[in-house]
Amino acid sequence: MKRKKLDIAILGTGNIGTDLLIKVMRSEFLQCSLFVGRNLQSKGMSKAINLGVTVSDQSIDILKENPDLYDLVFDATSAMQHFRHAKVFKELGKTVIDLTPAKVGILCVPSVNLAECLKEKNINTITCGGQASIPLAYALGTVHPDIDYIEVVSAIASKSAGPGTRVNLDEYIETTEKGIQMFSKCKKSKVMLILNPADPCIDMQTTIQATIKDPDMKSIIQAVNKMVATIQRYVPGYKLIVPPTFEGNRVIMTVRIKGLGDYLPSYAGNLDIINCAAITIAEEYSKIFTLTKSEK
Amino acid sequence: MRKKIYIHDVSLRDGSHAISHKLDKAQIIAYCQAAEAAGVPSVEVGHGNGLGASSIQIGLSRLEDVEMLSIARENLIKTKLAIHVMPGFATINKDLKRAFDIGVDLVREACHCTEADITERHIAFARERGKEVIGALMMTHMASKEILLEEALKMQSYGAEGVVLYDSAGAYLPHDVNEKISFLVANLNIPVGFHAHNNLGMAIANSLTAVESGARIIDGAIRGFGAGAGNAQLEVLVAVLQKMEYETGISLYKILDAAELAQDKILEEIPSIKNLSIISGLSGVFSGFAKHVSRLAKEYELDPRDIFIELGKRKVVAGQEDLIVEVAIDLKKINSTNNSKANG
Numbered sequence: 001m002k003r004k005k006l007d008i009a010i011l012g013t014g015n016i017g018t019d020l021l022i023k024v025m026r027s028e029f030l031q032c033s034l035f036v037g038r039n040l041q042s043k044g045m046s047k048a049i050n051l052g053v054t055v056s057d058q059s060i061d062i063l064k065e066n067p068d069l070y071d072l073v074f075d076a077t078s079a080m081q082h083f084r085h086a087k088v089f090k091e092l093g094k095t096v097i098d099l100t101p102a103k104v105g106i107l108c109v110p111s112v113n114l115a116e117c118l119k120e121k122n123i124n125t126i127t128c129g130g131q132a133s134i135p136l137a138y139a140l141g142t143v144h145p146d147i148d149y150i151e152v153v154s155a156i157a158s159k160s161a162g163p164g165t166r167v168n169l170d171e172y173i174e175t176t177e178k179g180i181q182m183f184s185k186c187k188k189s190k191v192m193l194i195l196n197p198a199d200p201c202i203d204m205q206t207t208i209q210a211t212i213k214d215p216d217m218k219s220i221i222q223a224v225n226k227m228v229a230t231i232q233r234y235v236p237g238y239k240l241i242v243p244p245t246f247e248g249n250r251v252i253m254t255v256r257i258k259g260l261g262d263y264l265p266s267y268a269g270n271l272d273i274i275n276c277a278a279i280t281i282a283e284e285y286s287k288i289f290t291l292t293k294s295e296k
Numbered sequence: 001m002r003k004k005i006y007i008h009d010v011s012l013r014d015g016s017h018a019i020s021h022k023l024d025k026a027q028i029i030a031y032c033q034a035a036e037a038a039g040v041p042s043v044e045v046g047h048g049n050g051l052g053a054s055s056i057q058i059g060l061s062r063l064e065d066v067e068m069l070s071i072a073r074e075n076l077i078k079t080k081l082a083i084h085v086m087p088g089f090a091t092i093n094k095d096l097k098r099a100f101d102i103g104v105d106l107v108r109e110a111c112h113c114t115e116a117d118i119t120e121r122h123i124a125f126a127r128e129r130g131k132e133v134i135g136a137l138m139m140t141h142m143a144s145k146e147i148l149l150e151e152a153l154k155m156q157s158y159g160a161e162g163v164v165l166y167d168s169a170g171a172y173l174p175h176d177v178n179e180k181i182s183f184l185v186a187n188l189n190i191p192v193g194f195h196a197h198n199n200l201g202m203a204i205a206n207s208l209t210a211v212e213s214g215a216r217i218i219d220g221a222i223r224g225f226g227a228g229a230g231n232a233q234l235e236v237l238v239a240v241l242q243k244m245e246y247e248t249g250i251s252l253y254k255i256l257d258a259a260e261l262a263q264d265k266i267l268e269e270i271p272s273i274k275n276l277s278i279i280s281g282l283s284g285v286f287s288g289f290a291k292h293v294s295r296l297a298k299e300y301e302l303d304p305r306d307i308f309i310e311l312g313k314r315k316v317v318a319g320q321e322d323l324i325v326e327v328a329i330d331l332k333k334i335n336s337t338n339n340s341k342a343n344g
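Residue numbers (the numbering used here), protein chains in the order written: chain A, 1 to 296; chain B, 1 to 344.
Fair warning: there could be bad hints in the mix.
Straight-line Cα separation of at most 30 Å, DSBU-like style, residue types lysine-lysine; simulated pairs [to be verified]:
1. Lys178/A to Lys332/B
2. Lys298/B to Lys239/A
3. Lys159/A to Lys47/A
4. Lys239/A to Lys332/B
5. Lys218/A to Lys298/B
6. Lys47/A to Lys154/B
7. Lys159/A to Lys298/B
8. Lys121/A to Lys185/A
9. Lys187/A to Lys94/B
10. Lys145/B to Lys159/A
11. Lys43/A to Lys154/B
12. Lys145/B to Lys43/A
13. Lys178/A to Lys188/A
Where chain A lies over chain B, by a calculated footprint (3+ residues, C-beta under 8 Å) [claimed, not checked]:
14. 55 to 63
15. 70 to 77
16. 84 to 93
17. 304 to 317
18. 324 to 330
Partial pick of chain B residues on the chain A-facing surface, computed with a CB cut under 7 Å [claimed, not checked]:
19. His112
20. Thr114
21. Asp117
Rather than coming from a laboratory, the hints here were simulated on the basis of the structure.
Here the structure is a predicted model, which is why all the values come from computation and not from measurement.
Yeah, the Cβ is synthetic: ideal placement off N, Cα and C, and Gly gets one too.
With the hints as extra help, turn the sequences into a complete structure.
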């Protein structure tokens, strides 16, 4: 018997939303029943229309009025808008995967806490830099549970940062810092983001530095390599380019993330990693969802 | 009537790069008092990359931002207390609010020269809190005058009360300054400024060209105390502008005294144009990278000039210090393969 795909609505038709659409259309577990924004003329909207997807420019209202059309929604708008949207989805009883840094719901890094997140109705994918760095910070924390300080700096291509990302820079920093601390149990964290305008565009790159007294490098390298392999299962372009290195009084490592090149070209690894995380969450959710449905 | 030029003193911010961000309390007190006495209009204080930038990546400050600003605040009366703020490092909640509570007067809201839209929220917030806000476009040698105007217009629309072009890599020649500054002056409603670096020995000449092209805000640092080869030397600027009959409001004798004091108490060495500064100016790489490059070149036994040229090829911008490690490792690999080939 052919398994029924989970109906997904995508709210937000910017870079993130449009890239998600392409990934959903490729998924064997998901299908997009509604692609929703505010402007039928936008680039993302045109792309969706060309792909034959049902679209609407009625934003959150269309989702409010037609709850039967979808089982799960991706919110790819902005943090400020998600605060409003979250209330609507809660009333409707819909599960939402929130791709803004609003951190209303549980913070989810699929390689670390996927199972726990699937029990929740509002799942937050943190930030692109968070998806790149938190699993490694978590791996460090499993070896050294009492790290004083972890610092994360990501550089992304200017062209990959749409208006949503730009207006959310402060939230990006604060949400990623919270995630690093929560998952690694470190005492203090600092996060920085650089938009690099170089042409040709640079690939997303994230460096993690941790102040650790007498680091157990052998165990760190082992834990990091294991984590990298786990992430590569859902983010194929994730690569460790500077392995954990003890230099000065810090452990430093760098990853580079090449995207799948679905909507934006492959330099936009930032877009890809957060969307790959969201898709993974949705696909796992679809397995549970259809299960509970068939039990009824 | 003599034309007024506003001199903005970046010594205690850009100079932080030159002493690995290790400004201490006594230094801040002494310099703020000297600048106040000389009638300097504004003094910028903080980590080299500005508010919220103290980090392993760029360098840890000796004092926290709030400590530096509180000390400076207590020692400035008429001279404005200024900060340099880059979105991506500092946030409104973590950093700006606290700085404003301490009593900062003037904010330089800075970004790479093509990214002005990331400053919108910070500029709006600072204006709401009644602060004077000047937009700062950095690494401006990398963009055309048309693009710079577009970005400056955005800052103007967000509420910036002036826009300053930064020659962060010290890569400009006077004709570049003239071309870009006069174009902005002709097309903006707010004052335009210039921030020079001396990598190619052009800091004073470029600052004068900026003034003659219509700039009304000029950045300087005492004894040139700034990243890499340093900034336009403040006391020289004051002297030359006086000779050219511009009004700066700064007392020449007292700014010379401040220079003497800074040399004794703050500077580890007087900035000079070292070979690496020349190479960084030529390759268009941010001057603040120099110390990191030298350190890693020693550690990996590489020629620091090769590192700079490779960084230039990769078009690095401030904040990407981690890339130096990567470049060093890559160059080391290339070197060792070349060696093994030669041996084989």
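Status of each hint after checking the structure:
no.	hint	in the structure
1	Lys178/A to Lys332/B	37 Å, violated
2	Lys298/B to Lys239/A	28 Å, holds
3	Lys159/A to Lys47/A	18 Å, holds
4	Lys239/A to Lys332/B	20 Å, holds
5	Lys218/A to Lys298/B	26 Å, holds
6	Lys47/A to Lys154/B	29 Å, holds
7	Lys159/A to Lys298/B	35 Å, violated
8	Lys121/A to Lys185/A	25 Å, holds
9	Lys187/A to Lys94/B	16 Å, holds
10	Lys145/B to Lys159/A	20 Å, holds
11	Lys43/A to Lys154/B	23 Å, holds
12	Lys145/B to Lys43/A	29 Å, holds
13	Lys178/A to Lys188/A	9 Å, holds
14	55 to 63	holds (count 3)
15	70 to 77	violated (count 0)
16	84 to 93	holds (count 6)
17	304 to 317	holds (count 4)
18	324 to 330	holds (count 3)
19	His112	6 Å, holds
20	Thr114	4 Å, holds
21	Asp117	5 Å, holds
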